[in-house]
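Protein chains in written order, with the UniProt record's numbering: chain B, 1 to 374; chain R, 1 to 291; chain E, 1 to 528.
Everything labelled a hint here was simulated from the structure, so no lab data went into it.
Hints are supplied without guarantee of correctness; some may be wrong.
Claimed, not checked - Result set (DMTMM-like, lysine to aspartate or glutamate): computed pairs, CA atoms no more than 25 Å apart in a straight line:
1. B:Lys129 with B:Glu146
2. E:Lys526 with R:Asp78
3. B:Lys74 with E:Glu350
4. B:Lys66 with E:Glu68
5. B:Lys129 with R:Glu133
6. B:Lys74 with E:Glu68
7. B:Lys280 with E:Glu506
8. B:Lys129 with R:Asp78
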Amino acid sequence: MKPLWALPLLYSASALSQERSLNLTQGVTEISRDVYDLHMTIFYICCVIGVVVFGLMFYSMIRHRKSSGREPAKFHENVKVEILWTLIPFLILVGMAIPATITLIDMEDTSDADVTIQVTGSQWKWHYKYFDREVSFFSRLATQQEQISNKFDKSENYLREVDNPLVLPTGQKVRFLVTSDDVIHSWWVPAFAVKKDANPGFINEAWTRIDEPGIYRGQCAELCGKDHGFMPIVVIAKTPEDYAKWIDETEAEQIAERERQQELLDMEMSMDELMAMGEKIYNSTCAACHQPNGQGIPGTFPALAGSAVATESDKLDQHIDVVVNGVQGTAMQAFAQQLTMQELAAVVTYERNAWGNDTGEMVQAADINAAMNE
Amino acid sequence: MAEQQSYYVPPSSIWPIVGALGLGLIAWGAAHTVIESTSDTQGWGSHVLFAGIGVIVVMLFGWFRDQINETMNGLHSDQLETSYKQGMSWFIFSEVMFFAAFFGALFYARMIAVPWLDGASNNVMTGEVLWPEFVAQWPLVETPGGTTTQAMGWYGLPLINTAILIVSSVTCHFAHVGLEKNKRGQLTGMLSLTIILGLIFLYLQGAEYVHAYEELGLTLQSGVYGNTFYLLTGFHGMHVTLGTLMLIIMLLRVLKGHFTPEKHFAFQATSWYWHFVDVVWICLFVIVYVL
Amino acid sequence: MSTVVDDHNHEAHHDHKPSGITRWLFTTNHKDIGSMYLWFSLIMFFVGGAMAMVIRAELFQPGLQLVEPQFFNQMTTVHGLVMIFGAVMPAFTGLANWMVPMMIGAPDMALPRMNNWSFWILPFAFVILLSSLFMEGGGPDFGWTFYAPLSTTYSNDSTALFVFAVHIMGISSIMGAINVIVTIINMRAPGMTYMKMPLFVWTWLITAFLLIAVMPVLAGAVTMVLTDKYFGTSFFDAAGGGDPVMFQHIFWFFGHPEVYIMILPSFGIISAIIPTFSRKKLFGYSSMVYATGSIAILSFLVWAHHMFTTGMPVFAELFFMYFTMLIAVPTGVKVFNWVATMWRGAITFEVPMLFALAFVILFTIGGFSGVMLAMTPVDFQYHDTYFVVAHFHYVLVTGAIFSIMAASYYWLPKWTGHMYDTTLARLHFWTSLISVNLLFFPMHFAGLAGMPRRIPDYAVQFADINQITSIGGFAFGLSQLLFLWVVIKCARGGEKAAAKPWEGAEGLEWTVPSPAPYHTFETPPKVE
Ligand code: HEA
Ligand code: HEA
Ligand code: CUA
Ligand SMILES: [Cu+2]
């Protein structure tokens, strides 16, 4: 880690980069520019009112001081000015409300979309599903843990980079169906002026039409638990042609991958392979709650090290069930859709053999498949 | 602005802080009781809870003893009497708002949440994508998650209970009239009748819960219909219990010869409370059961 | 001859205070209770402030340095709760206890024993709340707004403690508010008509009404959280036919009036101080009263401006946007009236006046950002960013807290009978003024640039803003030690204060000696 005093220097260097700004972004959509204009208008109006009000106040503070030998005036009422300064702010506000209403109605009109994407938040990642296409994937924070814990230098897009960004076409109306698997999240990309809460059990709609290709970053904007700060959003906007190419390729890949998984079901993996794969999956998927050492967080997330489910042989089925289907009414998610059967098998095996849980038991993809089809 | 008599500022008293201690113990105890009863941990929760309730009971006895002694010694001015009455009215207003929260929840669940889950308003996709099988209805006998239950009818027990409470409001009123006209016989008779009606109500309410749980499968876990039903009727039942206890204390005081036709704030407050509880029930009956 | 002796005895008798600890435990005296509220609030301000210092230290630079994310969330949550329910609300109740009876010519609060009860509940409530931080799994970490289902299915067991602590805090507030209302309605001295009451009394009357109306709703909300978490109900769970957004509606129905509960008494304080030091009557007294009333009524119609992103239908968003913007009108009337009061006055700048002037400017800045937030389409960008954090700290810290400081400096001579060290007090003002802006102004920029709130770690481009903010925060925190010093020094002694230490002051409280006698008005004063 760099010494503390070096930090300000580092940041003033980064201050020169384009990304840094002190004002709202103008964004890359018509709506976001409307919003920016509204923001600037109301800001200037407030400035003017402020200058007038504070100006009069300071004038009074300077000119009407007792030390300048003033006798206080006696007036303390004047219905006319009172009506005046009730009406003027009212009219200003009406003036503001009109463009705001127009923009708002525009923002909420999600009809006639070209592309529809279901966005699902869950602790602490996003899942994107393209409607009418066989494409869906999870999108997780890609920043290394070592950067967060200050062991490595922070990269330029620290905390704002993901493994699988969302890809969207430019110039087309994209509709988002925003929902959640667990708590409330909020899907926010400033450049589109889109922020919609992801409410579990409900779908909220939002839309955008991006002008130019580029990479746009955002973050989860609703407190969603421990790693709320580590749930970024990255959108890559491509021209419609590039987008079409991308989606066709990805769809083909995903279909092929699913078929491969089916074939792999009969394959047995060795303990070493299972453990190696399991450790990787565990650290990227489970460790946020159950901790890398399997100790959990007392009172919040149960420990796996030494726990009955992960050590007793007659609880093996239950162990698989918990990982595959989650536990209703708790923070334990269902991982059936998030991991492949091989990965599920590996992670269960890992949990039964790591941190002193030396059961020696192995779980294979076929076992998972059996459990899923029960 | 009442006419100015010399105002009675009570001397320092131990009871408020005892009351605070009692509430503190109840809060801590209740929290830990809840935690312990829903996980397999053991602890002091329920003991502390009961200790807290004990402390509150002691506090009430002590506080009211002082209070009654002061009234009997004529220390309380008319102005103080007015303060008590206003205080009680505002307290009842706060209770109205407490129930309003639950009525609000019922309104929202019924008029907004449930229809939206079936795709109403701007939630078309909610219904289509997330809950394709779900059909909005009220009472919500099948939840989006698939839990089923049966609705509680309004005739039968609830109707009888409504009648009981309305009659009890009337008897309570006549007890008050008796007090004001100094007809002590009417007072004791009508008051006792009110108490008996209150107790019958509570008994029947209990029977209704048993019926709901055992025959209708309507439980706390059976979705938002059951939730609003139990929370509203449950909190109402707790208020009836409290009101009945207050009436019983009033009866005991009446039997001891307390209260005059002019001065009987405690009695009046109790009767206001009772009427308030009845009004809540009538709203409840109409909104929860009938509609 | 004997009359003199008698008089003396009479006085002595009435000024007799019980001594020792039991005086404070068992008291029914509005001044004792007021003092206890004020001390309690000051302690809570420091406790909540210490948590804010943890937040600011962690946010000093990007990366996780000091605390775990979960603990960070607990700090944010408990900081908000402690500041709101522990610092600001009790401070106002303490001021009401001290000043309302004196201002309306009453001997005490209407229900003195209940008054003591209301106070003593608070320490128990906060011990319970704060003790949950030491539980296994830690304290509440779902934000002071405790949105379901984060606070239900996904929370730890501190939720139960949180719920019951809030319950008894609510009981305390409701009893306190009933007491204030009844005192004001029933205990005014002859001639003290409603339209002669000082504005502090007026604003508190309306605040008390808001409290009685919304604290029970909060109680209902926490009750539903409790049953959802522990008893299998599904108020806030779609699978059972409920809706997590319903929680937000119920919470904000309480929550929005709550923020006005924290500002209306401030308006009353400022309306007392500005005329005093301008040596001129308050401009537009009656319009001030009507404006306060309008704000209170409107406050019940705007709650969903905290929920614009939750996916309400457009017409609901429009409704709440319009009504929210409307609140700027009566608030503006207040600001203009204050300026008009100063206009052609004979102004001096004693410490209370300094705080009051800072209040007018900085609160208005907070109000401006409020109006910006009220515009739904733009709120989509601001919501849940540091822009909101900047907004509410301007209205709460440079608003509510500054007004409480102003009130303390205004009435300390009356409370203690001593003049405080004005040099130190001025130092406190200037250090606070500078540091508080260093602390909260840059937050606007952080928010606009896209920094979400309630995060323990942030992207590197927010680093310098946060560093400035944190430095401002530490400086502001340290400045408050000066306040503590001034108050303690003043309580322990100092130059004797006159009955009316401020030349331009008006009101019954200045007609009694300083310190105010233990029992103020045995027989009601006559108001012309
Ligand atoms: C004392 C507390 C207090 C006060 C007084 C206010 C006052 C106002 N607040 Fe604020 N607010 C909070 C405390 C407060 N707020 C808190 C704590 C939160 C966050 C809660 C959380 O999420 O944790 C919040 C959040 C909040 C939001 C939600 C933001 C979001 O989460 O997205 C909104 C949106 O509308 C809002 C609006 C307003 C408005 C319009 C006012 C108005 O009352 C302001 C009126 C005043 C003026 C406008 C200035 C003076 C007027 C003039 C000089 C007249 C002329 C002016 C014009 C014509 C513009 N506030
Ligand atoms: C009246 C209410 C009030 C007050 C007075 C304050 C005061 C302060 N708040 Fe406030 N704050 C809230 C109400 C308030 N806050 C609320 C409601 C939230 C939202 C919570 C949520 O999201 O759920 C919030 C959230 C909040 C955040 C956002 C956290 C997040 O989103 O993650 C931050 C961040 O900087 C912050 C900072 C501060 C600071 C630095 C002060 C300072 O003014 C504090 C100054 C006081 C002291 C520091 C104490 C006195 C001095 C000492 C103890 C001596 C020691 C001093 C040093 C070591 C320097 N607060
Ligand atoms: Cu997801 Cu915050
Ligand atoms: Cu609000």
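Enumerated hints in conflict with the structure, sorted upward:
Hint check: 1, 4, 6, 7 and 8 fail, others pass.
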